[in-house]
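Enquirer: Going down the list, the sequences are from chains W and A. So for the first sequence, numbering that gives the first Met the number 0 puts the first residue at 0; every next one is plus one. So for the second sequence, numbering that gives the first Met the number 0 puts the first residue at 0; every next one is plus one.
Wrong hints could be hidden among the right ones.
Unchecked claim - Computed list of lysine to any residue pairs in SDA-like fashion (alpha-carbon distance at most 25 Å, straight line):
#, chain 1, residue 1, chain 2, residue 2
1, A, Lys-320, A, Thr-343
2, A, Lys-617, W, Thr-570
3, A, Lys-700, W, Thr-570
What the hints assert, rightly or not - Which residues of chain A face chain W? A few of them, derived with a C-beta cut under 8 Å, are:
#, residue
4, Asn-133
5, Leu-136
6, Glu-280
7, Gln-613
8, Pro-651
9, Lys-660
10, Leu-667
11, Lys-668
12, Leu-669
13, Pro-712
14, Gln-714
15, Pro-720
Just so you know, the hints here were simulated from the structure itself, not pulled from any lab data. None of these values were measured; they are calculated from a predicted model. Beta carbons: idealized from backbone N, C-alpha and C, even for Gly.
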Amino acid sequence: MASVVTGAQNKRPNPNSTSAAATREGDQLIITPLGAGNEVGRSCVYMSYKGKTVLFDCGIHPAYSGVAALPYFDEIDPSTIDVLLITHFHLDHAASLPYFLEKTNFRGRVFMTHSTKAIYRLLLSDYVKVSKVSVEDMLYDENDIVRSMDKIEVIDFHQTLEVNGIRFWCYTAGHVLGAAMFMVDIAGVRVLYTGDYSREEDRHLRAAEVPQFTPDICIIESTYGVQLHQPRPVREKRFTDVIHSTISQGGRVLIPAFALGRAQELLLILDEYWENHPELHNIPIYYASPLAKRCMAVYQTYINAMNDRIRTQFANSNPFDFKHISPLKSIENFDDVGPSVVMASPSGLQSGLSRQLFDKWCADKKNACVIPGYVVEGTLAKTIINEPKEVTLMNGLVAPLNMQVHYISFSAHADCAQTCGFLKELMPPHIVLVHGEANEMGRLKQKLVSQFADSNTKLYTPKNCQSVTMHFSSEKMAKVIGKLAEKVPETGESVSGLLVKKGFTYQIMAPDDLRVFSQLSTANVTQRITVPYTGAFEVIKYRLKQIYESVESPPVEETEVPTLIVHERLTIRHESDTYVVMQWSADPISDMVSDSVVAMILNIGREGPKVTPIEEKTQEEMERMARKVVHSLMVSLFGDTKFGEDGRLVITVDADVARLDIKSGEVECENQGLRERIKTAFGRMQGAIRPIPKP
Amino acid sequence: MGTSVQVTPLSGVYGENPLCYLVAIDGFNLLMDCGWNDLFDPSLLQPLSRVAKSIDAVLISHPDILHLGALPYARKHFGLSAPVYATEPVYRLGLLTMYDHYLSRRQISDFDMFTLDDIDVAFQNVIRLKYSQNYHLSENGEGIVIAPHVAGHLLGGTIWKITKDGEDVVYAVDFNHRKERHLNGTVLESFVRPAVLITDAYNALNNQVYKRQRDQEFIDAILRVLRADGTVLLPVDTAGRVLELILILEQYWAQQHLSFPIFFLTNVASSTVEYVKSFLEWMSDSIAKSFEHTRDNAFLLKYVTLIINKSDLENYAGVPKVVLTSMASLEVGFSHDIFVELATDAKNIVLFTERGQFGTLARMLQVDPPPKAVKVTMSKRVPLVGDELKAYEEEQEKIKKEEAVKKASIVKVEEVRATSSHLSESTKGDSMVIDPASATASPKASSHFRGQMDILIDGFTPPSTSVAPMFPFFENTAEWDDFGEVINPDDYVIQEEDSNHMVGNGKSLDVKPDEASVHLLLDSTPSKVVSHELTVQVKCALLYMDFEGRSDGRSVKSIISHVAPLKLVLVHGSAEATEHLKMHCAKHVCPHVYAPQIEETIDVTSDLCAYKVQLSEKLMSNVLFRKMVENEISWMDSVAEKTNEKVFTLLPPPSAPPTHKSVLVGDLKLADFKQYLSTKGVQVEFAGGALKCGEHITVRKISDSSQKGGTGPQQIVIEGPLCEDYYKIRGHLYSQFYLL
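Bound-form chain W, shown alone (with noise of 0.2 Å):
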């Protein structure tokens, strides 16, 4: 029975109002990105809103290691954090993991797709292993990865999931294999984080969703800045066309990839290129890449993750068992007597069996090297796009660099055309920029701006660690149900009940009804005391008298024994010469009764107190009394409390001062908060000091 309604436009604060600051604050959204702000690599985004933390990837930066390579973790208390969002299984978005898991005091929960889960074990096994950095520089072992898989839980895309009142759910993101943008609803406010994403349908992926729901905030991913890509007709011929020529010259072709993701793409265009070209079918083409062959079972398995053309195919046989592609175990068994095309990892050529292959065949200009997407700064693959004259070895000699080098982007991020429809379709009012070079986006932004500049969209672009606040006022709506729901109330009419937060959801209802519309209960405790009196039951009745307004003694015909009734509380029974019975209703103010009339059965034993009428007090002394009762609890709840010279409390808290009136009740204070507590407490005092109230 949710009834959030929270809206979420008004973004500056009143500055006339103080009174509200302590709630305000929560109403502050945070973002700040831990990595990738203005940075391609070690994606980790903080946002706090309401008390609630998410933390969005946890990736690596691919060109540092060690601690280095880590996202700014220190800038935040990860035991504070209640959910971690990953969203695909590429290193600069979930290679941190398992240090964050493992070696920080992370106590949330993980969750990433399916398929994301299956491939993150074995991808980061792999960096493990080939990742050769000293002992102490390892983030983490085997072991560590092992025990995350343990506290990762899973989602489905679209599945709706919710951990302490943060609400979220995710969407295809086209990117790779199980790359998901993820929806975050806290309060009413939607954050959409959208981690790499493409809205370009290929062989084998669906094409970014866009949600149905319009977000507050777009955390964003701008690694292609303003750059365009080509269509996917044009680039895929240019890479087969390449490859092609090469080959029938007589040439080799590298082709340095990330082993997943892409790959998969690119080996599905060449062997159904190889597929149409028989005289090519003595060409050998290589995967060189024993993670990619152990992560084909999760191709194979997750279809129900990709395109529909693939889930057809699938019908028939495995479009992932490749007919003319061969896997290459190393570069040992790599005869290398001819023509061939061999699809080597890593991609940035630092190290490994791409930079073998590279450093043996970059002397040959009939040679080519095809660079498949984005590389990152400080690679050699970079460095080889802008086609230098000679590049050294990885044994330190220097080489002429005479093959030739084609960039032919294959990345499935989104390109400027993509983002700009993306977000022209969402229309969020807060777009954040992440995930890219501080020039692309920079420019990306530039370009945004003047296309949402009728619109009132806000642009942020922040740094590492640098913190983007956003204030969303939200107004607490509540649903009045059951049976104080009956009549709607016209203004000035009381309503009265418990209140019941359950997340961000409020409902107000009369307490028999708690059981019904929660799972809590409420009580009766009746109690029953035997007193000991021997004494007449009489003389009970006329003490009671003299206390108590009412005391009915109701027909001994209808009770049976004789029965005295105090205030409609309290029940008195004789039953017996040596004893009577009381039974009451808990609640403080029977438990004050029974208290005073027992003291004054057991004492009507003894001796006795005589009953003295109580002199009554004039008018002026009953309010001097009151007057000194409300000082010494005003004192006791907010300290510096004195009578002012018109007879008003002045009461100073902090800074604030407020006037109180005891005759009127009136106080006067500029801080609103401050005005109400001594209101309330004001209140209760005068509840305390007033009779017994008729119930």
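Add chain A to chain W, keeping to what the hints say.
Expert: Just chain A, lined up with the frame of chain W:
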């Protein structure tokens, strides 16, 4: 006030008939399930036929005939055109189940209730959802949110939560709270206090033995027969509970290194398992975990052989074996034929894992004592000859021309792919068992495709989205050679007459053009049905074990009382079971329990009053919440102020409010309280239902409030003589509550 909700059963109340209920929410008609029985008795659908046109959405909960069997028929004959919502596995396995039933029927009769085409059309507009996906309906369903949740029972099985204006209607039939090998238990228990719960009374009177014990008995029964050279027949469903049985057998065979062959024989066996392999997301956590760690797909079967032809069993005629085969009713299909073969030999056993549907052979055999002999009809399809054939051909020729033109554009690249995939497989030459993919096409099918291509060349246009037309596959001459060798000349004869049917049924191909097309081919051979009756002496052993995967009576009751709906509607269950559960729930769960008759509309609109208010900052700054379990709670006094037409703002009261009757909030469990007291050093023991604390004090709960759905507060009595202990214990008792 509130959302109007009416429930009208269309079938499946006070009995075991198929499930089909109409739920109208503010005038939006939702059809919950659209089931039929194994006999495809059209008279059952009478009530549906009257309302089919007015239905706005169909929600399907399980992929079996009882839950979705009537979809094709209703679509074709009743004009049911509303969108259908189901989970991906329900869609896929439901489709396969329908194929299987159709093909089994066609084998032995001129079944014409619906065709494969009708099935495809009916399933075409199924909108597939994920578990816990909140799907917002549009147009006249505006404001209604539907969400499927895990039901257990069958793969993809769903309990539906329908929400409008914060009120939940939960439709939960055939759920299973127990976690099984391939499925997680239902999440029904996590829904608390829905406005309406619609559930079944099917198992209200059944109680189950422990799972482990049952599994052991199951295996023992099977092994006893196998070791005595007998054959075990397990009549199962097409793609539901059978998955669990397969896993049990696989697991046991692997543990014990058994070598008895196991066969899974349905018309769609291989594609079923192939699809199931890709549904890991929908299965139990343990299956997902094992895949994540080792990439071992639980349904990569090592011991179970998938076959789609009964003739494949012939080689194993005398060998002890386990045969799982579809058509649990034994009325038609492979199970029927195999039963007739096995029944006469006392060595064999027919092991039922689910109760047979009413009026079927399986049900007849499940009575105690089992019948000595049963009458069965053996039917067989024989090809037409002579004049009959000629007449048929002429007729077909005419239809063929019409349809070829009409459908040519519909048939897509998929068929071509199918052919190509077949071509590559034929070179592999693996047994279909080891690689199920190779079972997906047979020489007949592809020879048949070639014929179809010939027809299509003219009308066929490659879709604009495809990069390259798929025709080049045919240039692959090397494989044609291979292929040519495989072809049996006899197939060509059949192919001539059949190509037209393939065109007509082209759409089924984008689903799975394997067995379906193979059998289709067999089916649509000009043929007629020849049948004869015979009496079978039932000498084989008959055994029933409950592997239905439904929560048993006791659990159902405890789940319902935990869910504690405000109103409860009972459907699907024998009259006794329904009455029993109704009595039980009326006493222990909630006063509003309904068990309507067919076509009886009951109004379960909640009498709940509600209106929305805005809580002002001023008010909230004074509210001090106390935390209780997952709620925070506080007493609130306020004054309403009308801000606009609909919304009130609550402001703090101008003067001190009158005191209110104090409320104790909390749920006291005497057992917990006992523990608490003993930690506080109080001598405490239970005596006659009351808690005796110390020497003289007793604490009791008055029982009538123990009923879960009751609206009254708990009644607790503390009594004793005036002494210090009394006040001490009262203090402890108060500490268990929040006083507001």
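Enquirer: Of the numbered hints stated previously, which ones are contradicted by the structure, given in increasing order?
Expert: Of the numbered hints given earlier, those the structure breaks are 2, 5, 11, 12, listed in rising order.
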